[in-house]
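Q: Keeping the supplied structure of chain P fixed, place chain R upon it in accordance with the hints.
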Amino acid sequence: MNARRFATAAVSFLALCAVHSPSALAQDKVLRIVPHSNLAILDPIWTTAYMSRNHGYMIYDTLFGTDEKNQIKPQMVESWTESPDHRLWTFKLRKGLEFHDGKPVTSEDVVASIARWGKRDAMGTALMTFVDRMDTPAPDTFRIFLREACGFLLEALGKPSSNVLFIMPKRIADTDAFKQIEEHIGSGPYVFKRDEFKPGDKAVYTRNAKYVPRKEPPSGSTGGKNVYVDRVEWNLALRDAQAQANALANGEVDIIEAPAFESIESLKKAAGVQILNPAPAGLQYMARFNHLHKPFDNPAVRRAALAAFSQEPFLKAQVGLKEYYRACPSMFTCGTPYGSPAGSDIQSKSNMRKAQELLKASGYDGTPVVLMKPTDLASIQKLPDVAAQLLRQAGFKVDLQAMDWQTLVGRRAKKDAPDKGGWNMFLTAWQAHDIWNPIANAAMDARGEKSGWFGWASDDKLNDLRAQFMRETDEAKKKKLADAVQSRAFEIATHAPLGEYVQPVAARKNISGFFTTNGNLYWNLKKN
Amino acid sequence: MYKFLARRVLSTIPVLAIVAVLVFLMLRLTPGDPAAILAGDAANTEQIAKIREGLGLDRPLPVQFALWAKSILSGDLGESFYFKMKVTSLIGQRLEATVSLATLTIIVAVFTAVPLGVLAAWRFGGWFDRMLMGFSVMGFSVPVFVLAYILIWIVSLKLGWLPVQGYKPIGDGLWPFLKHLILPSITLSVIYIALIARVTRASVLEALGEDYIRTARAKGLPESRVLIRHALANAAVPIVTVIGIGIALLIGGVVVTESVYAIPGLGRLTVDAVLARDFPTIQGVILFFSVVYVMINLLVDLSYVFFDPRIRY
Chain P
1 MNARRFATAA
11 VSFLALCAVH
21 SPSALAQDKV
31 LRIVPHSNLA
41 ILDPIWTTAY
51 MSRNHGYMIY
61 DTLFGTDEKN
71 QIKPQMVESW
81 TESPDHRLWT
91 FKLRKGLEFH
101 DGKPVTSEDV
111 VASIARWGKR
121 DAMGTALMTF
131 VDRMDTPAPD
141 TFRIFLREAC
151 GFLLEALGKP
161 SSNVLFIMPK
171 RIADTDAFKQ
181 IEEHIGSGPY
191 VFKRDEFKPG
201 DKAVYTRNAK
211 YVPRKEPPSG
221 STGGKNVYVD
231 RVEWNLALRD
241 AQAQANALAN
251 GEVDIIEAPA
261 FESIESLKKA
271 AGVQILNPAP
281 AGLQYMARFN
291 HLHKPFDNPA
301 VRRAALAAFS
311 QEPFLKAQVG
321 LKEYYRACPS
331 MFTCGTPYGS
341 PAGSDIQSKS
351 NMRKAQELLK
361 ASGYDGTPVV
371 LMKPTDLASI
381 QKLPDVAAQL
391 LRQAGFKVDL
401 QAMDWQTLVG
411 RRAKKDAPDK
421 GGWNMFLTAW
431 QAHDIWNPIA
441 NAAMDARGEK
451 SGWFGWASDD
461 KLNDLRAQFM
471 RETDEAKKKK
481 LADAVQSRAF
491 EIATHAPLGE
501 YVQPVAARKN
511 ISGFFTTNGN
521 LYWNLKKN
Chain R
1 MYKFLARRVL
11 STIPVLAIVA
21 VLVFLMLRLT
31 PGDPAAILAG
41 DAANTEQIAK
51 IREGLGLDRP
61 LPVQFALWAK
71 SILSGDLGES
81 FYFKMKVTSL
91 IGQRLEATVS
101 LATLTIIVAV
111 FTAVPLGVLA
121 AWRFGGWFDR
131 MLMGFSVMGF
141 SVPVFVLAYI
151 LIWIVSLKLG
161 WLPVQGYKPI
171 GDGLWPFLKH
181 LILPSITLSV
191 IYIALIARVT
201 RASVLEALGE
211 DYIRTARAKG
221 LPESRVLIRH
231 ALANAAVPIV
241 TVIGIGIALL
251 IGGVVVTESV
261 YAIPGLGRLT
271 VDAVLARDFP
281 TIQGVILFFS
291 VVYVMINLLV
301 DLSYVFFDPR
311 IRY
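As you go down the protein sequences, you meet chains P and R in turn.
Residue numbers are given in the working numbering: position 473 of the first sequence equals residue 473, and the series is strictly consecutive.
Residue numbers are given in the working numbering: position 217 of the second sequence equals residue 217, and the series is strictly consecutive.
Treat the hints loosely; a few may be bogus.
[Claimed, not checked] Result set (BS3-like, lysine-lysine): computed pairs, CA atoms no more than 30 Å apart in a straight line:
(1) R:Lys86 - P:Lys170
(2) P:Lys414 - R:Lys50
(3) R:Lys50 - P:Lys179
(4) P:Lys509 - R:Lys179
(5) P:Lys202 - R:Lys84
(6) P:Lys415 - R:Lys84
(7) P:Lys382 - P:Lys269
(8) P:Lys198 - R:Lys84
(9) R:Lys84 - P:Lys170
(10) R:Lys179 - P:Lys29
(11) P:Lys269 - R:Lys158
(12) R:Lys70 - P:Lys509
(13) P:Lys526 - R:Lys179
(14) P:Lys103 - R:Lys84
(15) P:Lys193 - R:Lys86
(16) R:Lys84 - P:Lys179
(17) R:Lys3 - P:Lys198
(18) P:Lys382 - P:Lys360
(19) P:Lys193 - R:Lys70
(20) P:Lys509 - P:Lys202
(21) P:Lys193 - P:Lys103
(22) R:Lys70 - P:Lys198
Hints in this document: simulated from the structure, not taken from any laboratory.
Here the structure is a predicted model, which is why all the values come from computation and not from measurement.
If we strip away everything but chain P, and leave its shape as in the complex, we get (with noise of 0.2 Å):
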């Protein structure tokens, strides 16, 4: 009798602690969402890490986007206007744009934010090199003045991907480019809720009220952000892969934004789950020599690697489903603009037995490679073994290096020969837009040790040929110029593409309104 009296109690205990548990948001549409990464940057002008850009799109809006065509599109400005010469440009901004704390956007607050960016972002500080000044002669109406006619102004003011161009109040854009923001207020379809945010745990954003969507429909980064939900959840903490599948099966997450490969098949057959691809531009890898040190300061010697890699092997070995890869031969990626295959025959039209007649003829001295491997980064971690295998049947030395990726990221840093340190060569991926045109795409900034990117490419005619791009205002021409770019980088082998693959997303079956993006963008879902 005591037992059971013993058990009733309990029972009856449990049942009211459920019934007393909080449910403020019980009534709100909640989205949750698994990002592919961990949320710990809150500045995504500080940082290229695409969470930290996830997070701006978020909050901030932006003046121009890009739509799913691959077009420039006005986003926060209403109208503009070009000079003949093309060296004064107004922008006028739309209507009704107000940030979180109440004030008004103006052209001061678009300046400040321009000037901040240009001094973190590629093509920003390319941009950068072109503006004589910037004023803002009305609140709504802001002017560049160039000191010569600029190809890329609309492509870099709506760049999709990192650093997006998002507009802070004056007072946060004002901070050192090279300090992080402390405040996170933007005008954009959602608010941050920095009480909330647990870093490595939850980051959570609210519907913005008082946001004025646009009237087009959303594409890429452009269009009417309209948002559909009360509350957007990001669950920083759930990053083990079957996990992950588990949740979303169990219908304790609604969206998987970058489920592992390996398990997709299971989440196919998932009651309730869907797979999509939301973008397909998707990413490309991308095998990056060292142009510092033997062997590959010889670009003979990076010609004949290049030609060993076939990219069919890494994108079987790495994504495995062919429906979801495709080989590429641009630098610049399949489907964009300038994706072309100009000058990719060294890679694209050879093969093994070539490749070992030209390291036979590049004057190789069996220098070994050293070829850096991240063990822990599983979206990329299985492309240096293919590598290294082609590279040693090309006839190439290789001292493949097992580490962290964050070692590995320090270590690319490092100029030093490979033997105290350094390093010839490690491998990445770019999400599409990062590498679709010659100023964005990193790896063909041949400016070398001074500024440019890891393996310091070094070459005058390709910075030429860029900066040549840089200034032409005809599109026709400007494909040419990019043509010539990419015959220049594969000629002097800057890096080797690998291919190219789409990052499909799995998602609860009541979760509608995914649009064609470029990368994670989370408004216009509905959730039933």
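A: Just chain R now, kept in the frame of chain P:
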């Protein structure tokens, strides 16, 4: 007693000082550059150098250490490079989840393992004893993540009784809190059940062979009283020692469980900080763990007085 207490508390100071120096030096010798990690993939060497300068990592090591030591002495563990938050706040945010998981695990482990160990000793050589020993071998051998996935598959995905992942603070209600911790604590407790049950069995077995047990039985005391009041009480010191070590190990050993069940605890924080080469956070968390270890050991030592009146400090 008070002298012992004061001596032990004072002895933590050199321990923590040694830990601080070792951790500081080890982190600086580890490959990886926090500035390069923070800057992102597209940053160039110039930008990384500026970030390094901003973090103070371009200063000589003794200067960096002196600044850190000074802030520790004023009770400040510094600011995380990666999360841009005070390390004390980060630890505070994560402490509840880890302490909750560790406490529930220890409760499950102790209340399961001690009775099982006593029963096995009482029925030494019998089927129950053999089964328990077999279970303990299995408990030691099965990796935590395998057990976790099996439990998730059966209990959450097939039966739908408990959630797959996550953590709810006790402030959100007792049942949501417990519901999210039941599977993780069972998963984590298995190895401790195996360990504590074995030690309990061995200690009680030894005690059951003593003269005072024969005397107690001769006096006609019921077997339950003989087992609990006489055998278990006298076998308590090694059991408490193992439980103490278990608690200390648990605090730092919950990483895998926290990862599989997506519990935002100190284990995950440590892993994130190590992966990001977030020096202030790693240093802070390790110092915190050191204090916890020292304190738990002190409590275990003090508890001997209650279990064995012969022990005096």
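Q: Give a verdict on every hint.
A: Structure-based check of all given hints:
1. Taking the CA atoms of Lys86 (chain R) and Lys170 (chain P), the gap is near 26 Å; set against the 30 Å cutoff, the hint holds.
2. Distance restraint check for Lys414 (chain P) and Lys50 (chain R): the Cα-Cα separation of roughly 15 Å lies within the 30 Å cut-off, and the hinted pair is therefore satisfied.
3. A threshold of 30 Å between alpha carbons decides the hint, and for Lys50 (chain R) with Lys179 (chain P) the separation of about 10 Å falls inside it, so the pair holds.
4. As the CA atoms of Lys509 (chain P) and Lys179 (chain R) are separated by approximately 26 Å, the hinted pair is consistent with the 30 Å bound.
5. For the suggested pair Lys202 (chain P) and Lys84 (chain R), the alpha carbons sit about 15 Å apart, so the restraint of at most 30 Å is met.
6. A C-alpha spacing of about 29 Å is found between Lys415 (chain P) and Lys84 (chain R), which places the hinted pair at or below 30 Å, so the restraint holds.
7. Restraint check for Lys382 (chain P) and Lys269 (chain P): the C-alpha separation of about 26 Å stays at or below 30 Å, so the hint holds.
8. Among the hinted pairs, Lys198 (chain P) with Lys84 (chain R) is consistent with the structure: their alpha-carbon atoms are about 11 Å apart, no more than 30 Å.
9. Between the alpha carbons of Lys84 (chain R) and Lys170 (chain P) the distance comes to roughly 22 Å, so the proposed pair stays at or under 30 Å and holds.
10. Using a Cα cut-off of 30 Å, the hinted pair Lys179 (chain R) and Lys29 (chain P) holds, with the two alpha carbons roughly 23 Å apart.
11. Taken as a hint, the Lys269 (chain P) and Lys158 (chain R) pair is honoured in the structure, with Cα atoms around 15 Å apart against an allowance of 30 Å.
12. Between Lys70 (chain R) and Lys509 (chain P), the direct Cα distance comes to roughly 55 Å. Violation of the 30 Å bound is thereby established for this hinted pair.
13. A hinted pair counts as satisfied when its Cα atoms are at most 30 Å apart, and Lys526 (chain P) with Lys179 (chain R) qualifies at roughly 29 Å.
14. Restraint check for Lys103 (chain P) and Lys84 (chain R): the C-alpha separation of about 26 Å stays at or below 30 Å, so the hint holds.
15. A distance of roughly 18 Å separates the Cα atoms of Lys193 (chain P) and Lys86 (chain R); the hinted pair therefore holds under the 30 Å criterion.
16. Distance hint between Lys84 (chain R) and Lys179 (chain P) is fulfilled; the C-alpha atoms sit about 11 Å from each other, no more than 30 Å.
17. Among the hinted pairs, Lys3 (chain R) with Lys198 (chain P) is inconsistent with the structure: their alpha-carbon atoms are about 42 Å apart, more than 30 Å.
18. Restraint check: the Cα-Cα separation between Lys382 (chain P) and Lys360 (chain P) comes to about 28 Å, which is no more than 30 Å; the hinted pair holds.
19. This hinted pair does not check out: Lys193 (chain P) and Lys70 (chain R) have alpha carbons roughly 33 Å apart, beyond 30 Å.
20. Distance hint between Lys509 (chain P) and Lys202 (chain P) is fulfilled; the C-alpha atoms sit about 23 Å from each other, no more than 30 Å.
21. At roughly 18 Å between alpha-carbon atoms, Lys193 (chain P) and Lys103 (chain P) fall within 30 Å of each other, so this suggested pair holds.
22. For the suggested pair Lys70 (chain R) and Lys198 (chain P), the alpha carbons sit about 27 Å apart, so the restraint of at most 30 Å is met.
When each numbered hint is compared with the structure, violations occur for hints 12, 17, 19.
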